[in-house]
Each structure stands twice: as C-alpha cells, then as structure tokens.
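Residue numbers (the numbering used here), protein chains in the order written: chain A, 29 to 273; chain B, 29 to 273; chain C, 29 to 273; chain D, 29 to 273; chain E, 29 to 273; chain F, 29 to 273.
These are calculated hints, taken from the structure and not from any lab test.
Among the hints, erroneous ones may be present.
Repeated chains share a single entry, so a pair holds when one copy, or any two copies, can fit it.
Below, computed lysine-lysine pairings styled on DSBU-like, alpha-carbon distance capped at 30 Å [said to hold, decoys possible]:
hint : residue 1 : residue 2
1    : 109       : 85
2    : 36        : 134
3    : 81        : 178
4    : 262       : 81
5    : 75        : 180
6    : 81        : 109
7    : 36        : 51
8    : 85        : 75
9    : 109       : 251
10   : 256       : 223
11   : 75        : 111
12   : 51        : 85
13   : 81        : 111
Quick caveat: nothing in here was measured; it's all calculated off a predicted structure.
Given next are the chains, with one letter for each unit.
6 protein chains.
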Amino acid sequence: MMRIDNRKNNQLRPVKITRNFIKHAEGSVLIEVGDTKVICTATVDEKVPPFLKGEGKGWVTAEYSMLPRATGNRNIREAAKGKQSGRTLEIQRLIGRALRSVVDLKALGERTVWLDCDVIQADGGTRTASITGAFVALVEAMQGLVEQKKIKSLPITDYLAATSVGLVEDDLLLDLAFTEDSNATVDMNIVITGKGNIVEVQGTGEENPFSEQQFLQLYALAKEGIAKLITIQKEALGEIMTEGE
Amino acid sequence: MMRIDNRKNNQLRPVKITRNFIKHAEGSVLIEVGDTKVICTATVDEKVPPFLKGEGKGWVTAEYSMLPRATGNRNIREAAKGKQSGRTLEIQRLIGRALRSVVDLKALGERTVWLDCDVIQADGGTRTASITGAFVALVEAMQGLVEQKKIKSLPITDYLAATSVGLVEDDLLLDLAFTEDSNATVDMNIVITGKGNIVEVQGTGEENPFSEQQFLQLYALAKEGIAKLITIQKEALGEIMTEGE
Amino acid sequence: MMRIDNRKNNQLRPVKITRNFIKHAEGSVLIEVGDTKVICTATVDEKVPPFLKGEGKGWVTAEYSMLPRATGNRNIREAAKGKQSGRTLEIQRLIGRALRSVVDLKALGERTVWLDCDVIQADGGTRTASITGAFVALVEAMQGLVEQKKIKSLPITDYLAATSVGLVEDDLLLDLAFTEDSNATVDMNIVITGKGNIVEVQGTGEENPFSEQQFLQLYALAKEGIAKLITIQKEALGEIMTEGE
Amino acid sequence: MMRIDNRKNNQLRPVKITRNFIKHAEGSVLIEVGDTKVICTATVDEKVPPFLKGEGKGWVTAEYSMLPRATGNRNIREAAKGKQSGRTLEIQRLIGRALRSVVDLKALGERTVWLDCDVIQADGGTRTASITGAFVALVEAMQGLVEQKKIKSLPITDYLAATSVGLVEDDLLLDLAFTEDSNATVDMNIVITGKGNIVEVQGTGEENPFSEQQFLQLYALAKEGIAKLITIQKEALGEIMTEGE
Amino acid sequence: MMRIDNRKNNQLRPVKITRNFIKHAEGSVLIEVGDTKVICTATVDEKVPPFLKGEGKGWVTAEYSMLPRATGNRNIREAAKGKQSGRTLEIQRLIGRALRSVVDLKALGERTVWLDCDVIQADGGTRTASITGAFVALVEAMQGLVEQKKIKSLPITDYLAATSVGLVEDDLLLDLAFTEDSNATVDMNIVITGKGNIVEVQGTGEENPFSEQQFLQLYALAKEGIAKLITIQKEALGEIMTEGE
Amino acid sequence: MMRIDNRKNNQLRPVKITRNFIKHAEGSVLIEVGDTKVICTATVDEKVPPFLKGEGKGWVTAEYSMLPRATGNRNIREAAKGKQSGRTLEIQRLIGRALRSVVDLKALGERTVWLDCDVIQADGGTRTASITGAFVALVEAMQGLVEQKKIKSLPITDYLAATSVGLVEDDLLLDLAFTEDSNATVDMNIVITGKGNIVEVQGTGEENPFSEQQFLQLYALAKEGIAKLITIQKEALGEIMTEGE
C-alpha cells in the first residue's frame, strides 16, 4: 500500500518549528507537521494552583483547542457551546502530564507555566504535535526565567517529543495523517524522552483488539520517529542539556 | 516491601460479582474488587445516536460517576458543579471504547446499550473494575435481547476485563489499592480480551519516565491478572462463547 | 382494593437499615423501604458556610440524587445535563431542613454535616426514605464527634422519620409504592419527631383538591407509620436519648 | 405583641388587584399585598410540552422571579449567575401545580398557558401573592380564548387563592410580612379553593417542630384569610362560575 | 407618511418619570416613554470590583433585562436558559458606560452603584429609556450618599439622556416605536449630555449603508429630542447642577 | 506628540492580507494590521438558521475569539470559563451585521456563510481588522460558490472595510495601536463601504463626552483610512465588482 503522500511507512511528515511566533508570550512556537499546524505558547504565572500553595514547587499545565475551521467540516466553537468536550479535556490533561515528566518542579519554584496549544489547521496528530511543539515553547519560557535570574538553571531533565503510530489494513505506519488515522484499526500515541524513556503510551484497538507482537512493532516505529523529532527540537533550540544531566 | 494487605505483588484483591443487583435495569452487577465497589447497570435503548442513524448498526456507550463520599474526602457532586470533570469524561470514554471492541455492532442492530458505572466505594482501580463489571452487565442485557428474540445470538466476540499495574518504589505491583496508586511512579491501565488480545494500554510515568523493560514486565503482570478476572467473569456468567467463536 | 403487594392500607413496606455501609464516611447507612434503596452518608466538615461564619453554630445540609437506572426508564444524569432539576433541589432542601429541626446547631459547634442521599433503586418514597436513613447516618457521624471529644454530648434533640401517604381512588394508603404514587390524587409527605411533633407537612392535590377531613385522616395514617419507623431507627441505633431530653 | 403595621393577628394586609397591567399579555395583573407587588402575566401558547403531545389536553405552567432590588439587599440576577436557585424552582413548581388543580386541562385543549410571576417589590408572601394574582391573569387569558371561540366555556373548576400563616413567638399570625416571616418558628403556605378544598399545604418548623394543635389553628387562620382573598378576586373578575359548577 | 400614533417626525412620545418607585432601593424610577416602561433601581454597594481595589475611585455598572412578556411574544427567561443573550450584554455594557461618562468616580469614593433596568413593557427604545431613567435613579442614590454625609457633593458632572432615531422609508424619525424600529433601514442610538456633548453614537445600516448627510440629519434630530428629555429629567429631579459645573 | 511607531496621525499601520491561509476553509485569510494578526475563515453551510427557513434568502454570521496569549497577559479561555464574554458577543454581532450590509442575501440563496475571526496576536483594532479581513474571506467563499455554479454571480454589493479612530490627549489619531487605544478618551469604530456609505458608526467617550466637531474630524480621518484599506483589499482580491454594480 502506498501512503497518501508517498511516504515510507517509517517516515515522518516534514516538520518545521518556528520560534518566537507570538510576540507577547514568554515562549511561543508554530509547529508544522505536514499540514497539521499548532501555535504553542508558554505563559509564566507567578502563582501556583491552590493544591500546591506553600509546597515549594511549581506547576506546568496545558490547554488545547482547535479553531472551528481547522478541520474539513466546521466544528462548533467550545466557547459557544459553553463546555469543553471530553476529547479536549483528555488531550490537555495528556499534554500537561507529559511535559511535567521532564520538569524539575522544585527547581522551577512556586510558579506555573501554562502551555496553550491552539490548532489552526488539523491533519492528524494534533495532540502529539502539540506536545512536541509545547516542549520547545516551555524551554523558551524557562530560558527567559534563567535570563531574568529568577531561577539558576534550566529545570528541564530531558528532551520530550511525541508521535502517533497505527495499523492501517496490514501496514504499520508512523505519524498518521488524518485519512490514515480514520482508517486505522489500532491507534497509538507515544511520548518518549531524549534518553529513550517512556512517558506515556496510549494504544487503542477500538474495532479490533490487537496482538502483543503488533504492539511491540508499533512501539519500535514510534521510538524511531521520536528520535528524529528530538533532533529537530535540538536544531530549533540549540543544545540545552549539559553533560551531567 | 510488604503490600498493605499482605498480598503478593502479582496477586489480585478478592473479586466478587453480584448479578441482577438493580431490579429495573436490563443488566446490573455489583462488582467488588477489594474495597472498591461499583454498581454497573446496562440499559437497552431502541435508538442510536444521530451519527449512526440508518447505518444498520448499534452503539455501546458508558457513563461513570463516583458518589460524593465514595472516597476518603467528600468530592463535590458533579451535578452541583454543573459539569463533569476531565477525569470523569476520560474514564467514561475509555469504558465505552473498551466494551465496543468486543461487540459486533452490526449484529446488535440499531439500538444503544448504555453502561452506567457508579462507584459507591473507592479504593483504587475504579475504572478497571468498572470495565470488568460492565462487561457482565452488558452480557446480561444482551442475553435479554436474545431471549426476547430481538437478536439471534449474543453479539459478543470475546470476554473482556481490565486491571491496573504500577511501579511503587522498586516493586512491580498488580491491582493497585488507593494508597499504592498514590505512591506509584508509573501507573498503567490495561484492557485485554479472553483470547489475550490488547484492547487498551495506557501507561503514564508522570513523575518518572520509565524504561521499556519495566513496561514489558508491567504488561506481563497485568496479563496474568486479567486472565484470572476473566475466569471469575466466566463463573458469574457461565460459558457464553460457543466453540467457533 | 387490594394493594399491589397485599399490604394493608395502614401497613409500611419492610424496612431494613444497614449501618456502616460505606467505609470512608463518618456515618453511612443503606436504607431499604420495600424496593426503594438509598445510600445515606454523613460527612463532617470542620467549616461552616459563609453566612454562618463566626456565629458560633454549625450547619446540617443535604444533597440528593438518583442513579440513572434507579428507575424503570433511564434518567439522564444531572452531571451530564449540567444542572440539577427542580425536583432534586426541592428534595434536598427538604431533607436538610428536616434534619436541622432536631439538631442543636449551637452544640454542634462551627462545623457542617453533609448528608448525601443517593438512591440506587427507586420504588416510591425516595425522599422520605432518605430522611429516615439520613437521620441514622447523622447520628452515627455525631457519635463519632462525641468519641473524638470534639463535642460533649449528642446534639440531637429528638428522633426523626418520614413517610408518604396518599389517596388512591377512595383508599387512604400509607407508604406508597411507585405505582400507587402514580395513581394518587392526593400525595402527602410528612416528617414527624419521636415525641410526635410535626416538622414538615407537604400535601398536594394536583388533580383534585381534597377536603379537610381527608387531610386529617391522611395525617393520622402517617403519624402511625412514622412511630413504627422510629422504632426501627431505635433498633438500629440503640437508645440515644437520655431521660431528660 | 403588636404587629408591625398594627394589624390584628387574623387580618390580611391591604390587597389590590390591577387588571390588564401589561398590554401585550393575554392576561396580566399587578397584585399588591401590603408592600409585596407582583406582576403576573398569562401567555397562551398553542402547543403543549412533548410529554403531552397527542394526549388531547392542555397544560398550565409557571415561572417565578424577583427583580434584583425587590428586596432590602440586592440579589444577584439569576440570569447573570446562569442558573435558577432551588428556591425559585420550588416556588414556580408550586404555582404551576396549584393552578392546574382548578383547570380542566381537557377542556383547555392542546395549548399551554404560561404564568410569569415577577416580583417587583417584596415584603413577605411573594409565592402566595403570586398564586392569588396568577389565578386572575389565568382567568383573563382563558376568557380571551372563550371570546375567540377557541374554547366553549371557561375551563376553570373553582376559585383559588393562597396565603401564609405562621407562629411568631407565641402568636399565630395571618399573612406574614417579611420581618414577621424572619422571626417565625413555624411557617405555612396554604392554597385553598373557593369551595374550601385544600390544594396545597406546606408547613415547616425548621427550628422548632410544632404540635398538631398549632397546626390546626394555623390552618383555620389561613382558611379564613383565603376566603377574603377570594372575595377580592371575585370583585376583580366579576362572577365567573356558573351555578352548576 | 403618517406615524402610527400621529406624532410629528421630530416629536418624542409622552415621557413620564415616577420617582421612588421601589421602596427598598437607594434610587428607583419608573420611566414611561410611550408604551415602553422600565423600572430603574440604583443600589449602593460599599465595595468596588477587584480591578479597582485600592485605586481610590468608585464604579458605576448596569444590568438590563426584560420580563418574558414585556413583548408581543413571550421570550424565554434568560435565567431559565442559563445565559444572558448577546443583546442583553451589549445593552447593559452601553448603559453602564454611558452613565460613567457623567460621574466623577474619584468623588464617588470606593463604592459601586448598580443600576438595574428591568423592562416591564416594551414598545421600542428600551435601551435609551433605560439610560434616561437610570440617570435619575443614579442621582437619587447619590443624593442619599450626600445626605448620609458619605460624600460631600453630588459627583455628577452633567445631565445625561438618550434616544433613538431612524430612517423609515424616506422619513427621518425621532424616538422610534417598535413597529417603526422594525421597518427602519438605519437605526441610531445616541446619548448626549446636558451641555450637548456626545457620549455615545451607535448607528447601524444593516440592510442599507447610508450617507453622511443622512447621518448628520439623524444626529440633529436626536440632539433636539435629548434636549427635551433633559428638561423632563430636570422637572423630576429639580436643579442638581450648581453654576460652576 | 509622536506616535509610538512614528506614524503620522492620519497614517494606517502596515496592512498585509494573505489569502488561502487555511487549506480546509472555503475562504481564509490572515490579516495583519501592524502587530494585530487575525485568521479569518469563511465556511459555507447549506442551511439557514430556523428563523429564515423557507424565506428564500441566505444568512451571513460571524464568531470572534482571541487565543489566550494573543495579549500581553494571558486571558482565561472562554471555553474553559463556559461562556463568551459580553465583549466577544458584541464584537461578533458587529462583524456579522457589517458584512450582511454588503451581501445580497436573496442572491446568496438558502445557505449560511460563517465567518470565524480568531485573533492570534492582538495590538489594538482587532474588531476592525476582523471585518476588513473577513470581507476578503467572504468574497473567496462566494467566488467558490460561483465556480461551483451554485450561484450565478457574486452576491456582493460593495467593498467593506473598517478602522478605528480616537482622541488621545489632543491628537486625533487613525488606526489606534493597543497603547494608544488605552489612553484614548474618545474611541470610534467605523465601517464604510467602497462607495463611501456608512455601515456602522460606534463612538464612545467613556471618560469624557466629546463635541460634535471632534466627532466630525474623527469621522473624516476614518473615512480616509478606510479608502486605503479598500485599495489593499482590491489588490488582494482583484477587481470583483462589475461596472453596473
């Protein structure tokens, strides 16, 4: 089976990270993964949520949204409906959780970094593109804190990126575009660090339960893709980790 | 390390499934997994959601809730707050998706089965207990449809159960109780079928990314536990699958 | 006319009170009145609502809900609809108000007791069963406060129970089951104390206004039934009132 | 004890009913009971709610609200808060239920009459003034239907009015003003028809349970007051009931 | 073209301002402009909104609503819908902004005046009648503050009134009644002070863009009408401005 | 006074219109006015709102939003708050109304065009930039309908653009940037067509009422600016109006 854009099964779509995309934000990135485009901004708030007050540590949280016309059909605006969908809440919980796994919250100090991931154009993989882009915006914002001498060094313990993999007919595919995703019987989102550790694995076989072997092959494919995404992050950010880390 | 209730690391808590628990429902179960207790009811609705109208197939969906005092501290009632939390929405999406993976929706016909999972007492693992219990309630409701001759045979393609596993300090533990779950650095929820296929894998290392090896060991532990849960389901339901399935 | 379950007109359904039903709550009861089953939990909160701050007295309040499949047809979950119905709000206001009438709020001190009444199976009389059961859960919670020496003695001034009565065709019936309630032209809910004082009388003749005489007969029937309910509470709780009270 | 406005214990405040108060409505009344002022409008809607479709009968329903500054302190507008309070819902359910008890819904035909009761100035007894005033607006609207020959005769089976009574210190008082109501230990709202039948009795002893004797005395006081209110309604409406009714 | 009520094109409808209309409010007015009737109350709140805390100045804000049956067809109550419409929010923002333009917020001190404008009967021009009436209620409330010696002198810098003008077919009309407004191709709301300065101009040509000349003619018409409205305010209030102002 | 970016008082900021900005939408534009950047998409929906059904004409409507970090401080997401602010509703009503004034709704036929204006970076004038950009997206979408032969010719009667003007200290300024807008005592938003007709004038002197002369000078400034904006629209779109129009 030929992929829609002639990619190889283990090939990522072209990825482009544009830094300092929004002038007001402490960190901001436009990440493009094929036709998926997400604006990720990082906001530093010198407060923590109530459950962390006085704990001597910070917080990292995320919000996710799609413009109504990011997709082929117009979606009703969640602000107009008056509530965020389960899908939105699930995705933003995932983004926040994933980013926190590579942040030293104590070293961050009693402040919150908000990551806003707004999809302006969607073609599959919006949640994984959000994680990959938000990581860069988060680092930008934290570099600002270092420059302002609010913290001594970057409270980041590792790089972090995410991608999707899936089983479409009998093919194991990396980085699914929307039409591929719609036809996948198994769909996995995987978040991995620069050192190759797992942060999140979410695999679903809604229509067809799948075998352990398929699971392991898909995992391997994702791992390979994420290594490439982290190379692209390094190009965008420069080397941020010092030896000892 | 000794587990709080002296269980072995690969040992489930006592599991009890009480059938026909609520007299009005088409299927209903009280599932107890240690001190976690969930009422699962199945309701047959002779309609499908709008997106399925005229498609000649049915739907299975779930809702999840906890009584305010199911937990150590009282939670504000979601009906009083006026919205369901992200956690609730995420869990009920998971339950519905998992159950649909073993239902032949065409054979079910144009009707919806609602699974309501209401946690009356919580001690960890409420989402996986909900899946394991809701499967039984779902089968009960479908057996009713067969008896009423609305469908010819049970549109169930496999058994289905779920459990949690996690890494607590250096121990790999099966079926985490609440205090274990709170201390886990890695937490996985796994849904597997009677034939051993994977339906859902959700692994999270919020504080600590984890290695592939740990992932594989945890998966093996879950698989073993789920096989036992399915034995318990079979005792509750009798044998429902015929040879050829 | 024969009643659906062959009861006499002035006969209660079988009543069963199971104490300590939910392990986390400060007080908890499963009350069964025929096929009506309600979990009542009491939560002690060491705060009072804003309007009572600094007044040197406590508060008792209630919340009420039904599981979606407590009834013959599935009700949409109020948390999913995003608001509580007028019926729910009216019932929980009634429960809270009734319980406060037998509590010495000054003696309780600046704390709130929350009563959660969750109907898991409904067959008429859920609000009156909630009051009767919640009274027991409330006493349990207050006994805990006495044991912890937070208060000196039980701040309860009297027993309290409730039942419904109604006019069905020409029969005056005690403790209406759901089908009886649906056919009643007059429907009354009455809350009375152990000493025979009235706490709440709510009588409605939606379709047919009724005479004073019918009103007095119904009241007498309720009074008789409530005396029996209080006997059952005493069996469950032991004697809690000292002589002088 | 002298009443605040020197009334006798069994004396109503001055009552004034102004008909045709709002030009657009099918029925409309300004009712003044002392300083309590309520605009009651009746709207005829040629539809019935979904649960009555095709049943060949009509519906009567009510909504209640207070202007923010109807009271001594400004209340936050319910539209701004985004929900109606339990008190509001309870009152409007009561008004609708009471009015339906004297309407022949079959004779009304498949249409709905909406009664809107908007309190522009409050001084106690707003719910009972609303019922007494809304009855007149309802009759006005139905007289319009008779004039338009949509129905043959007035589908009203009896007059209907309401008042409050209460126990303040040791006095049994009719038609409580706000300050009296605030000091009452027992508070009852009673709705009675022209023929003296009971439609609704709601008595509450929040702080002090009360005796049967007190109950009966309060009831008698209310009955007397309501007879006078119905006389005032008759003056406003003229005689609407024919002999045989 | 003859106007519906035989007015001249540059003629206002009869205007009547009744002061002290609601006994509880610090200021209150019933304003009648033809068949449009609005209750305007002013509430003094000894707090300011969070964004003004510690700024040493006060705030004036407004809320607007229509009773459901103020209009020919019944409007669904915003409290029942659970949100205020865009129209409502736009109007109340306009009223608040207009009134603030003639208030010396520093002289008012750290307190808020709430203006509630509740339309009890609508026949066009409800927002401009609200402004004209609310100005009087605001002055009443501020006179109370002066009397109570909370402020030294009236912190009002000028009179303020509003009216609508529009283009109906080829006629330029002052003070549009509802049916005129419905047929207008250009509709303007104008707020002007006693000294003839502009506070707000809102002109809309939804169906037909309009010329500058038409704009200027409409503006002149409004100016003339507002001068008359201010004369009526002066009659209601007496002279409130001292020479030097 | 020198303007912040050295512009002359009657000079627009640099304006850039990028067409076909979002691949899925029927029309889409990125409009940049200085540092204000708005994505405007047009969606064609082959339905009309209920109030237009069967009227043989179409509808044009708009929605407006800002990304949380479009501004210097992060704004709480309206979808998270559960409602759109009054400001948002007011702006989107303005955008829709303005665009409808240059559309021949009959010629459009029974379909709706939705304009979504999402501000990704804000520096003043977001509502007027939205109108100017949305006009281009609307034309793009309608050109698509002509190409698909769903309509015969472009149902657009004139060009349409908008800008803001204001009084800052004593200077009359065109096209206010955010800091200028914050200091303006008079602020006007004006929408004018290609032929110089007025569609909307909204002028507000919140802190200081202003004179007629100032009003006329500001209007003249806006008119000049809008003529330039329409030239830029023409460059982006090519000539779309035929002679006779």
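Which of the listed hints are broken here? The structure breaks hints 2, 4 and 9; every other hint is satisfied.
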